[in-house]
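Mind docking these for me? Both chains are given alone in their own frames, and the hints should help you get the complex.
Read off the chains here:
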Amino acid sequence: MTLSTEYGGHSQPEAGGETSPEKLLTPVLSAFWDQPNSWTLETYRRHEGYEGARKALAMAPDDVIAYVKDAGLRGRGGAGFPTGMKWQFIPQGDGKPHYLVVNADESEPGTCKDIPLLFANPHALIEGIVIACHAIRSEHAFIYLRGETVPVLRRLHEAVREAYAAGYLGKNVMGSGLDLELTVHAGAGAYICGEETALLDSLEGRRGQPRLRPPFPAVAGLYACPTVVNNVESIASVPAIMNRGKEWFRSMGSEKSPGFTLYSLSGHVTNPGQYEAPLGITLRQLLDMSGGIRPGHRLKFWTPGGSSTPMFTDEHLDVPLDYEGVGAAGSMLGTKALQCFDETTCVVRAVTRWTEFYAHESCGKCTPCREGTYWLVQLLRDIEAGKGRMADLDKLNDIADNINGKSFCALGDGAASPIFSSLKYFRAEYEQHVTGKGCPFDPAKSTAWADKHLEVNA
Amino acid sequence: MTATSGNPEVSLGMPQLPAPDYPADVRARLEADAKEVIARYPGSRSALLPLLHLVQSEEGHVTRTGIRFCAELLGLTTAEVTAVSTFYTMYRRKPSGDYQVGVCTNTLCAVMGGDAIFDELKEHLGVGNDETTADGKVTLEHIECNAACDYAPVVMVNWEFFDNQTPESAKQLVDDLRAGRPVAPTRGAPLCTYKDTARILAGFPDRREGAVEATGSAGAASLAGLRLAKGEELPGGTDHVVAPRDGARPTDEAPSGRAPGEAPATHPSSHDAPRDTSASDPHHPAGPAAEEGE
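Read top to bottom, the protein sequences are chains F and P.
In this text, residue positions in the first sequence follow this note's numbering: the first is 1, and each later residue adds one.
In this text, residue positions in the second sequence follow this note's numbering: the first is 1001, and each later residue adds one.
Next comes chain P alone, as it looks inside the complex (with noise of 0.2 Å):
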């Protein structure tokens, strides 16, 4: 291998020196929150995420400092606590924004508009993924499924659920956050920095007044089955059904004959509506909207 004298980003062979430590009252203080958490496990090593958490909290990344405070506190080497750090995604190799802005683009959430509003957003905020906007904010980041996909469009911030986002209401969001403006999330509590819920993140529950009832008990999607249990009702739900059966329930008031599930005709912009439903098409008698027993 050769490398050229005028590129610094080489390294040339000389060993990195040691991280510097934390200064004196840091480390004191991050010394008796670690010494709690490894007290926690019969194996001093599990407590090393959450330490990592700890010194993310810290710096707001995963510094090397950080590592060499982990390893110290842990009798591990520092290669062993990099090879760590650098497997798991929600450790920040670099300095990144107070909040952390995730849109879900797996597969179900990208489908259902989440693909479209993280480009938005990366138009909107001028920033790629895994980048922050100039004044610290936000950093942007597409994420994996966040189990949370009854309420697709999901973003994250700072890990609080934003449910059923779109486009409008993402960069009203973010605009929002930029701003210092307040801004709820639809499951979770009120934002902290990245820094504060890397210390939940961390085994420190958060103490302030309302965090842990925040949004109340469940959101309305976890709700759907219990609520038909009851003898509720669901939005829609009596006028798309899947089969009705004669005689069990009104199939609704809908005055034209047109089949459960089918746009309505004469609406001005259904022309170009899909309108390829198994009513419409026999070549597809198994579909949803299909009479029972065809």
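With the rest of the complex left out, here is chain F (with noise of 0.2 Å):
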């Protein structure tokens, strides 16, 4: 793997003005979160809702996907896969039934945007199945909500009746002729449904297993039948950019990454949240506005969109955080989770408890993910406990080598990511723990509570 460090060391020039935190944030998805009852359908139509839904309604399906198209949206849960290349792929005129499949199985460590984000406005992602349904030509759709989020789940079931009472979902939707039957299901707490094979073959009701492609889901998905399976903030972008159109949407962020996303801000930050901001604003953007890293520390390493994308240092703050920008510099935007660890904070205890997730969420199917996450954190763990010798730092980038693009799906490679990422920047953090024979760090200083003493008179 190589990396480019064209970004590290040095700022980006800014225009002067336009960095204030009103410029920088263009809050769409999160726009009406603080009314009350944010999350009922009489707050999202008076905020415009379902406005977007009646203009795609009356344009023909293809129309539909071309628009989506043009407006440049990109897949939010990692992939970044054009939205509207997915549904264009899906046949028409083959006389199946075509199944629009919503992943809201959130469960990559550090995510956490679909979440609040349906917990405070699930008719937003409702609207957009309604449009995403008219346009793939399906007549029924799934959310697959990962069940460990009773709260949302409350709150979708809610927000599901409201609309087929009003005639936003069921017979002849808002009056287009458009049948359309929207089904609710929960999980039981695997991190790889969140795969979208496996998330079909749990829909089905068996193990989530990945799915060996081709074929893909556009030509055989759910019940063997043409399949879009979509991210939730990617569905809930749709209706903005029908309402307010795809110039607009064009207007924020680049050229091959335009839009808004919600960035989830979290660690050893002064303000974690969710933040929504035009995609290429950078972490410095982010730190800067929102009170930086905790009062007295300094940033150690972070990751750009959850455990699986390669991590970064503070040598990575000026990358601008999209599709392109991330790539360039050696990891992936992926989910735009954003987990800060300050100098506090042990990699190597990091990484091995990121490794023992995925170990622990290896579906058993492919060899070099089953059997080579079970090594790595036998390693990792001697390695934390002082046990280590100097050869397993070698051994551990051979092992993460030997499941890395080796596995039906992208969870093997997500945990060989950590590996390489840290054995790349913070080898010598290993070596200490091999040489000292233990681990250098007081976890007591990471704790959130660490430093409360100093907060009280600062």
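You may find that some hints are simply not true.
With a Cα cut of at most 30 Å, we get these calculated DSS-like pairs of lysine-lysine [what the hints assert, rightly or not]:
(1) F:K452 / P:K1122
(2) P:K1035 / F:K96
(3) F:K395 / F:K406
(4) P:K1035 / F:K171
(5) F:K69 / F:K55
(6) P:K1122 / P:K1137
(7) F:K424 / F:K437
(8) P:K1230 / F:K23
(9) P:K1122 / P:K1094
(10) F:K23 / F:K69
(11) F:K452 / P:K1230
(12) P:K1122 / F:K387
(13) F:K55 / F:K171
(14) P:K1094 / P:K1171
(15) P:K1171 / F:K445
(16) F:K256 / P:K1230
(17) F:K69 / F:K96
(18) F:K256 / F:K23
(19) P:K1171 / P:K1137
(20) P:K1094 / F:K365
(21) F:K452 / P:K1171
(22) P:K1137 / P:K1094
(23) F:K452 / F:K424
(24) F:K445 / F:K256
(25) F:K246 / F:K69
(26) F:K437 / P:K1122
(27) F:K424 / F:K387
(28) F:K23 / F:K246
(29) F:K445 / P:K1122
(30) F:K55 / P:K1230
(31) F:K365 / F:K55
(32) P:K1230 / P:K1094
(33) F:K246 / P:K1230
Under 10 Å between C-beta atoms, here's a sample of chain F residues computed to sit facing chain P [unchecked claim]:
(34) A31
(35) P109
(36) T111
(37) F119
(38) L153
(39) V184
(40) C193
Worth flagging that the hints you see were computed from the coordinates, not collected in a lab.
In this text, a Cβ means the ideal position worked out from N, Cα and C, and glycines have one as well.
Right, dumping it as structure tokens:
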């Protein structure tokens, strides 16, 4: 893996006066989360709710697909595939039912955008589903929600009930002739079901294990019928595009990564939370406006899009957080889960814990991932406990290399990412664990309450 | 393979007898529910995950009877149903407490204090991971990332969010649960039992008055960006900026010449506080407290 350092070490020049939060942030999906009862149909309607669907249903399905494609919306679940193109792959006139499946199985470590979105504004997703189903000519959609988030399930149940009662779902949606059923389906605890083909197997009542592709879901997905699987945020972004126009959408972000998106700031920062901004904002800008790293500390490493995206360091504060910018710097935009860790955090501990997660969540189908993650955990636990040998560091790299790209799905690649990237930036810290026969860090200093005695007088 | 005759745990090859069925009235009630669930799907097998939640809402865990019930309703073998039920972590394989207390110990929550919370709860309750207190009230578990990292460290009780926990708040929480005192999640509805939660997961909406609107529209962290965009200030938002710009904003009223983000030098405890900020460490000029353009 090579990594460009072109963004490292210097700040990008900015136009004067354009850096205030009011100008940098663009709340669209989150625009009225502070209103009372923001999740209700009534509140949603007050904020131009279902206007995008009204416009889309008046258009021919193929025109809707072309419109979303022209807008340049790319998948917000991690891979960044153009949403309109995914819709276009659905064969038409094939006589089979078509399905839309919304991936709400948000489980990637660090990722926390879809859950607050669905908690505060579920109708944005339902409206997006109406538009997408019209476009791909589907009469049955599913929301696969991870089961461990019951508060969100409650609001989805209620929002779907409201939408049926108001004629946004069911027979003859909004008088358009479209019949649409929407089923809310709760998962049962399995990270792997966030992978789209494992999700489909799970939705068919099986163990959630990825399928070999081809055939792709667009040809043979749910019940072997043409199926679109989209992330929550991707679908929920569609109504605003239809309502306010593709030019408006393209006025944000860059040529190849247009639009707005939710950035989730977490960890050792002064103000963790959701920040909706145009694609291409930098972590420096986000930290700058939100109060920075917690007082008295500095950034050590961070993930641009969850634990499966190679980690960054303070060299990368000015990397534009869009698909191209993060890719050019050697990582992936992923889910825009910006987990920030300060200098009190042990990299070996962090990577060991992530690796334990991947070993636990590996579905067992592919040998490199199932066996590789197991052995990575054994080595990492030894190193963290001061029982490792120098040769183990190369062995870690070697095992990660034998997982990466050698399994059906991206879970294996994701497990290799923290290994490669942490060894690249923090090999000395691994060596310190070996030569010093133990971990030099005090975990108590990393906790949220470690500096509370300081804040009182600060 | 040989087995010692003294160990009753080792099966000598006798197949298990079929699991007993539910009592007739329970069976009739569950069957009506199950048919409603099955009707939501174009293919009946898709109802298997919800049906496993449903049998869990009856008995608190997935029993052999529950597996037999699912198999009969969906035309599957009990082996097929067992294969699925053992794949997913939310299906319990043994009787457990009324309240499942799950402490997130994935990396971010663990680092922010989840490990300390989990350790203290184990000691406080006298149970290990996936074990239940003797009174049958609390089952303690460590869980994986629950999509609430901006509220770390997070504890889930029956899958309702208890955000920004500390060891003290978590111990108070389990004490209240065991004593039957009402506890309130930071995001979610007033607690129901694990069985009631499983019924919601099976696809039956929570009919309790006020359950859907409980705890308001969004948690505080979810609103951080929106508040900034509206020109409001966040806590600590102005005195710890990453890179203050000339005249753009007043940094703060700090009387001393200390750098933004640096701990106050006069605080009695600050001698042992981490002080290695970029302001004091010229070897790390790109840190967030560095001046723009350094």
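Inset, instruction - Kindly indicate which numbered hints from before are broken by the structure, ordering the numbers from low to high. - result: Structure breaks hints 23, 24, 31, 32.
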